[in-house]
Structure formats: C-alpha cells, structure tokens
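Engineer: Each chain is listed here by its residues.
Protein chains: 2
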Amino acid sequence: MFAAESLVKTLLAQGVEVCFTNPGTSEMHMVAALDRNPEMHSVLCLFEGVASGAADGYARMSGKPACTLLHLGPGLANGLANFHNAKRAKVPVVNIVGDHARDHLQLDAPLTSDIVGYCSPVSRWIGTVCEPSDVSSMAVEAVQQSYGPEPGVASLILPADCAWSDQEPDVIKGADMPKRAVVSAARIAEVASQIKAAKNPVLYLGDLATQEAGIFTAGRIASALGCRVFMETFATRMSRGSSRFSAQRLSYFGESALEDMKDCDLLVIAGSKAPVSFFAYPGVGSELTPPGAEVCMLADAAMDTVQALSDLADMLQAPANPELAPRASAPDLDRDQPLNPGFVGLSLLRHMQDGSVICDDATTSGMGVYPWLENGPDHEWLCLTGGAIGMGMPLAVGAALACSDKQVFALCGDGAAAYTCQALWTQAREKQNIINVVFANHSYLILNFELARVGAGDPGPAAQSMLDLSNPKIDWVALGNGFGVPSVSTKTAGEFDDALVHAMATGGPHLIVAEI
Amino acid sequence: MFAAESLVKTLLAQGVEVCFTNPGTSEMHMVAALDRNPEMHSVLCLFEGVASGAADGYARMSGKPACTLLHLGPGLANGLANFHNAKRAKVPVVNIVGDHARDHLQLDAPLTSDIVGYCSPVSRWIGTVCEPSDVSSMAVEAVQQSYGPEPGVASLILPADCAWSDQEPDVIKGADMPKRAVVSAARIAEVASQIKAAKNPVLYLGDLATQEAGIFTAGRIASALGCRVFMETFATRMSRGSSRFSAQRLSYFGESALEDMKDCDLLVIAGSKAPVSFFAYPGVGSELTPPGAEVCMLADAAMDTVQALSDLADMLQAPANPELAPRASAPDLDRDQPLNPGFVGLSLLRHMQDGSVICDDATTSGMGVYPWLENGPDHEWLCLTGGAIGMGMPLAVGAALACSDKQVFALCGDGAAAYTCQALWTQAREKQNIINVVFANHSYLILNFELARVGAGDPGPAAQSMLDLSNPKIDWVALGNGFGVPSVSTKTAGEFDDALVHAMATGGPHLIVAEI
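Chains as they are written, first to last, in my numbering: chain X, -9 to 506; chain V, -9 to 506.
Looking at chain X on its own, in the form it has when it is part of the complex (with noise of 0.2 Å):
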C-alpha cells in the first residue's frame, strides 16, 4: 500500500470526509489514494483560493476540518488568502501541501520553494514528513492541531517520495481530538459579581458565543441585566433569525462603534477580545473599548464560550429561555424601484426558509442586507472574519458540502467576485444549492469612502480610476454562464425578486447580478 493511502485512511478514521484539491505531479499518489478511498469526498477546484475558502466554509458549518490538497509553494501561495480568512475565523482546516521528493529538493528545481515560510503566516501548527513510516501518525497529529485549543490551519507538508513509498498499511484509528478549556467557576463568579457592580455593562461575543447555543445563553444574561450585546463586526458564524436571540453587530467605523457603546462601563468579552477599528486613520485611535469602561474577559476563543456563558447565566439566575423578538413581517415589495442592497434584503425576508447559509463578500453591500434579516427566517451569516475579499463563493462550496439540504447564499461585492469567479465552476460541477447575488456597482465602493476618511485629498481622475471598475463593465451574466452557473441580470427590486423566486424553485447554482 502507498503510504499516502495509509494517510487518506488514516484522515478518514479521525472523521476528515472532504478533501477541496487542486494537485500536480507530485500529489499524484495522493489523487491515486483518494481514487481507492471514495469515502473521501474530494471536490476538484480551479484555483486554490477557492480550495481554501471552501475548507472554511465548510469547518464552520460543520465544526470540524476538511483537508485540501495542494500543489508545492505555489499552489499553496495562492490558497493563503482564504486560509488568512480561516485563521481569523478560527476554525481547523488540515492543511496538505505536497513537496518534491527529498532527494530532488536539494537539487532546486524550477518549482522548488520555501512551503514552511509561506505557510507560516497562516498556520497555527506546520509539519514536515520526514519518512513515510511518519505519515499516519502526523496525519492525526495535524488533525488534532487543527482543534486547537484554538482552532485553526495544521499544515502537513508531504514530500513525493514520502508518499509513494510502499509500506505496510498504517492506518491509525480514531484518535482523542483537544477540547477547549474550562472557565473556572471561581472566575465565573468573580465576573458575575464584576458584572452586578456594574451600570451599564456590555456584552461583545466572537467565535462560538455568536452561534446558536452561545448566542442563546448570551441572550438568556441580556434579558436577565437589560445589557445591550454587540457581536464582533465580522464573525465568524452569526445564528440569527426570528428563534434567537437578536444581538447587535458592532458598527465597522470606529466612531459608530463607540457611539453603539456609549457609557458602557464594563465591557465582558466571550470569544472574542477588545474591540479594535478595521484600519488607522490619521489622528484617530484604534482601540474601541468605550472610554471609561473596565474590560473583563470571561473567556477566549480557546477556551469554552459556550459553557462559561452558561455557567454565567445560572450564576446570574437568568431565565432559562431569553425574550425574543417577534417574527418580522415583510413590508410590500415596490416592483418597479431601482435595484439597492435593502431590496435584495427585503427579497430575503419574502422568500428564504428556515436554516438558510449566507456567506457575506459584499463589504458595502452586505450591510445593506445584513438589517432586514434580523428576526426574519433563521439563518447562519458568515462573516469576512480576515478582511482577505474573495471568499464569499468559495465558503460557499464549502458551506454547501457541510450541509447539502440548506440553501447557501453568497453575497458577493462585484470586486471581490472578481477575485475567486472560479468557484462557480465548482457549484456547477458539484450541483450545489448555491445562490451567488453579485452586487455590480462597478466600483471598489468602500474605498470611495475611505480615501475622503483618511484624509488624502480630493481624488482626482487617475485616483478615482483606480477605484473604478466601470472600464469596461464586467458582464457577470456571461461569467457565470462561462462557468456553467445559470445568470441573470436584475434592475429592479422586482426583476430580483423574481430572479431569487426562480433560483429557489430550481435548485442548484445561480447567479443573480444585482446592478446597483
């Protein structure tokens, strides 16, 4: 047996079931391991950035890792952004990174390169075969890295050599798998007591205290104190819908974001840390915990949110249920005005169902959106988590293959659309449920905003140019069609309307454009 197979079997044993993949000549004996093993669900994309994202995707639909399969340096060079993403979505992806065989390595062949440096930046743990009787075992170990404590990208670089060697099969069985740490009820009701004292206290949630059994309990604390509950502005999952808890998202503008906390006096961090602005500007501070406030983190992300929120909640005598908000109604949908974001949102709330995923690449956009769906059907909102644009159709693969009976949403500014367009290929090879909206304002939009926030002066045309994706006009109909994804154009609140009605009823992936 190949030790690569070892490896895929022993991959299948600690419950990785997907592998996203782009190989080249030397993962070839891991494709022939993949083709022994179909157990291994192994998904082909065209670029690697839509490998990565798709990894994300779909570890936070699914909780745990998918591996993807990449091609030496390169190959993983262009998977960096999307794992940049995953990493600060904190979520375990298993890395697997070809390399030359050992003895070709030393010999610096065109496409030699330096794997541990361009994985550095991205991985929380990175290893290297250094024999093929190693294989299985660092299998597991990358695996396991990948939970954590603190979830995150375990890459496992695997030379050629390493994985065509013939061996007796190794394949370790299901190995035990890190669970985060405990907040101790000592510290739980040190923060209790803290939060009692307090006047105005807030609460700010990150990673699992914004998803459904976090942001429950969070909401249990909420209507306990009356405190208002802000979520990171770009989190990870947000569970959100008309049977949770309604928290605010924190505003992305720092200004916004300190007026959101206004005499806030202690500010209690679950998953997340203190608030900081998305960019600098010149003569303006970046931290964002209110003036005045006291900072008390009941528990990080390697920790377990979830418990400690509840543990928090007992202590404080919540109810056992938070008080919810009513279910939104739909106001009437004015056909004929021309198309904004709000319509798409609005759309949303007519027509999606229970258990819908939205993956958000639409910096402007997006927050156009993100309002009418506050206690309308409920849904899963992934976040932007590292501000690397060009991840919303990959997490969408990646979204879809965690759970093949939802349907996925991806909102997609046009800009960032450009980035990973490949990823349509992949939602029609795969017959996903995926619905892409892609925002055409022809524009890097939120740029516009920040060249007058930074204060570098009036634009003129070779700078406004360069925000500009007017010349010429990407025709994204005809890029969708490209890559095998039904596409329609939208003008009108109407003509969108009609489009999502349509694209729910047929199933598999679309493509919207929403000209705005």
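Hints in this document: simulated from the structure, not taken from any laboratory.
Where is the CB? At the ideal position from N, CA and C, for every residue including glycine.
One or more of the hints may lead you astray.
List of simulated lysine-lysine pairs, DSS-like, C-alpha gap at most 27 Å [stated by the list, open to error]: (1) 421(V) x 463(X); (2) 463(V) x 421(X); (3) 169(X) x 252(X).
Some chain V residues flagged as far from chain X (calculated, every beta-carbon gap over 12 Å) [to be verified]: (4) 127; (5) 166; (6) 169; (7) 189; (8) 217; (9) 232.
Just some of the chain V residues that point at chain X, by a computed CB distance under 7 Å [stated by the list, open to error]: (10) 19; (11) 25; (12) 37; (13) 90; (14) 107; (15) 108; (16) 187; (17) 409; (18) 441; (19) 442.
Guided by the hints, dock chain V onto chain X, whose structure is given.
Structural biologist: Frame of chain X, contents of chain V only:
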C-alpha cells in the same frame, strides 16, 4: 507633501515608470501620490496575481523593474505565485506592500498578518519602512536590490502612517544601480582550453544568454566548434526566429533531455546551473548532467553572461557572426483539419510579424506550437520559469506595456487560464494588443501523462475526474467577452487561421479559443 509622494517621485527618478496595483485602505495615500504623479503609469488589476505576473512580463521585455502596489498580507499572498515565477525568471521587481499604521499593528486587527513572512520565499530583499523620513532612501535601496547582482523581487513594506506623514519633499534623484560582475580573462582562458580539449562540448544557456545578444554570441561559438547548444527548458526569454542563431530547447522529460545531450563530455554553462528534471519520479535520478560529462561553469546568472560569452567567442577565434538557418517557409494550410497545437504554430508562422512576443503558459500545447516558429519571424518566447501556472495572461499585460508597438500573444492551457483570467479585464481596460489563445482540451492534460509516469497505478474514476475539466466545460468565449475582450471559438485549422488574421488586423485584445 505626503511621504508617499516623495516615494513615488523617487521611484520615477530611478526609472521606475509603471505601477501594477490593487490597493486598499492602507494604500490610499499611495493612490493619492500616484494621482499627483501621472508620469507613473498606474495599471489597475482585478487580482494581485495579475499585478505580479504583469511586473514579471514588463521586466522581461524592458530589463527594468515596474513596481507593484498591494494591500497588506492577503493582497500580497494573492500575488506570490507569479512572484515565484518572477524570482525564477531572475527579473527585477519592486514590490510595495502597504501595512497597517505602526500603532495599529500591535492591535492585531483582522487584516494584520506577518507580511515579512509572506514576502520571504519570493524576495531577494525585504525592507520595512520604520520612519516616514526613510521612505525615499529605502525606495532607492529597493530599486538597487531589485537589480541584483542577480535580479529579483525587492519587497518594500510601507506602513500607512509612514505614507500619510506630511513632510518636506524628499526626492532622491537617480542613484547608481549595481552591475553584474565580469568574468576574468584568466577564467575565460581556462574555459576555452577546456572546450578545446573536449570531444563533444555542449553549451547550456539560461538567463541573458538565451536573449538576443547572448544567443548571437553563443551561435558564434557553436559555429566555431560545431557543438550543440541547448537552452533551459523554461528560460526567461528566448530570442528566436530566422535572424537569430537557433539553439535547441532542452527536452522536458529527463530521459529525453539526457538523449539530447548524449555523448557530451563537457557541459559549458552560461546563465544557468547544471540541469535537473522538473519533477522526481520513483527510481529515476533527477540530475541531468550527461553521465561522464564534466561541468564547466562559465558564468552564473549573477555574472555578465553576455560579456563572458563574447570574450569566450573571441578567445576561440569564432567567426564574427553565427551561422543562421534559412527562413522557414510555411507549408500550405489544410483548412478543414481538426485544430491541434501544431496548426496554431503554423498559423503563427504564416502571419506573425517580426518582433512579436509570445508568453507561453500552455504546458502541453505550447510544446506543440514551439517547433513551428524555429527560424520563422523573429520573436521573444517567454517561458513558465517557475512552473506556477496562471502566468500567461498577466505576463502579456506587462509585456504589452513594455513594448506597446509589438504584437503580444498569450498561449494558455485552459487549466492555466482559469487561474488568472481576470487579466483579460486589464487588457481590455488598457486596450492592449494581446491575442490570447486558450487551448481548450478540458483537462489538466500534463497530469494524465504524469500520473502514469510516477507509477501511481491505473487511474480510476475519481482520479480521472480530478484531472478532468469537462464537467462542465468552461465557455471561454463567454468568459472573454464577460471581461470585455472580443472572443471567438475555433475548431479547425482554417477557423483558427481566420480568427488570427482578424484579431491581428483589428488590434486591441482578443481571445481565440482553440478547441483541441
């Protein structure tokens, strides 16, 4: 004056005149500086891999660096694969990466990352601006470092606050650039006597030695000795055509390469190092120096290879001009034949003008085009130096900018074209004379060969599926048109020939799908 403006003016004073960019918030003062200095031609790219590939193409054709302006670690990460190709091409590039303001960096905002870590695998020099007053001197150092002695990528990390700082103008005028070292007369004499003593010397050329002046002189030596001359399989730039000495390209597969150089007893290397196979295969050696041959290093890529070859030719009393083959004449075109790469080569031979530039990112198909143009119209053939596919269309963007009076061709496999098809948009925006040929075999064809060669067994359905791009077939006409480039599909030799003639006559960018 913003420090960023001093930086741009300083770059201009060093002869850096083109900036390939995809900026974000942290680069807005650089955008403003570019706006105020329109002598710097700023070219917007929809994806950073287009910017890095374009900088490579520009340098290969102009011999001098362009700069790139990329957004933080993830933006840089997206450019790394084509920087890997540029590193292997040994061309100068000044890679400017914006970073967060210095105070902001420690707060670990979502886009914070280890930019030095990302830069390291591809850069020959990395500098981080620590004070605004250092901006201009570090820009000069970056340009100098990009030139070498062995040229490469010089990365300059620019914190946003060092760009936005208001200061006295600090523009440094033209500085001295490093020159390549000259090979001593004594060493030339040694090499000459080694060559004279050898029975079957072979010249092996890379870097500048495969370009106009180098290949001319190598041809003089070959004419004097009657010896074989080989170029690296993936040389940076091969100057070819009937007015150039015709050197052979070393075969891709190792066994063929050894056959090429059979009976060689002295391998004389200029601008390269001893040849090795691209990949390793079980039980096969990777070193391609012919058995029993001595290796004689005339000049590596850090030396003045052209001068060394010229001195050697003189010492060998070589004729003043190389022997040239007669101009190749094109056979008649059998218009109704199903298209294959050879017919693309034939059409190029029939219609291409002297001085054209060909960017080859078509792994298997490029090999079919290549032989047709030997002794055809003069042209520059740019290879996939680092093996990171997705180079062709971006490289063409840069090459066309460096020589706007020339016709540029990008030969792309469909697998490779899918990586960085966003380059088409920049071609349309800049109205470049680029004819993109996409060879649509709907497969990673080379991997079908490699799977067999590495002995991974008969491919089953899952393995075949991972090398197959036909489900769904990409509609390249739709993609090209979607990005604003007139596109057409061709299936016969005659259809391709007509499409080529039409594209050359109309000018601007075109995409021709070669269905093979």
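Engineer: Are the hints correct? Go through all of them and say.
Structural biologist: Quick rundown of the hints versus the structure:
Of the supplied pair hints, the one linking residue 421(V) and residue 463(X) holds, its CA atoms being roughly 14 Å apart against a limit of 27 Å. Between residue 463(V) and residue 421(X) the alpha-carbon distance is near 14 Å, which keeps this suggested pair within the 27 Å criterion. Using a Cα cut-off of 27 Å, the hinted pair residue 169(X) and residue 252(X) is violated, with the two alpha carbons roughly 36 Å apart. Here residue 127(V) stays apart from chain X, with its beta-carbon at least about 23 Å from theirs, past the 12 Å limit.
With 12 Å as the threshold on Cβ separation, the claim that residue 166(V) sits away from chain X holds: the shortest Cβ distance comes to roughly 30 Å. Distance check on residue 169(V): its Cβ is at least 25 Å (rounded) from any Cβ of chain X, clearing the 12 Å threshold; non-interface status holds. Listed as outside the interface, residue 189(V) is consistent with that label: its C-beta sits roughly 27 Å from the nearest C-beta of chain X, beyond the 12 Å cut-off. At roughly 25 Å from the closest C-beta of chain X, the C-beta of residue 217(V) stays outside 12 Å, upholding its exclusion from the interface.
With 12 Å as the threshold on Cβ separation, the claim that residue 232(V) sits away from chain X holds: the shortest Cβ distance comes to roughly 29 Å. Look at residue 19(V): its Cβ gets to within about 5 Å of chain X, closer than 7 Å, so that hint holds up. About 4 Å separates the beta-carbon of residue 25(V) from the nearest beta-carbon of chain X, less than 7 Å, and the hint is met. Nearest Cβ of chain X to the Cβ of residue 37(V): about 5 Å, under the 7 Å cut. The hint holds.
The interface hint given for residue 90(V) is met, as the beta carbon of that residue sits about 6 Å from the closest beta carbon of chain X, less than 7 Å. Given the 7 Å rule on beta carbons, the hint for residue 107(V) holds: about 4 Å separates it from the nearest Cβ of chain X. With 7 Å as the threshold, the beta carbon of residue 108(V) comes within range of chain X, its nearest partner Cβ sitting at about 5 Å, so the hint holds. Hint status for residue 187(V) relative to chain X: violated, with the closest Cβ pair at about 28 Å, above 7 Å.
A cut of 7 Å between beta carbons decides the hint on residue 409(V): the least distance to chain X is about 5 Å, and the hint holds. Interface restraint check: residue 441(V) against chain X, minimum CB-CB distance 5 Å, threshold 7 Å, status holds. Of the supplied interface hints, the one on residue 442(V) is violated, with its beta-carbon coming no nearer than about 9 Å to a beta-carbon of chain X, more than 7 Å.
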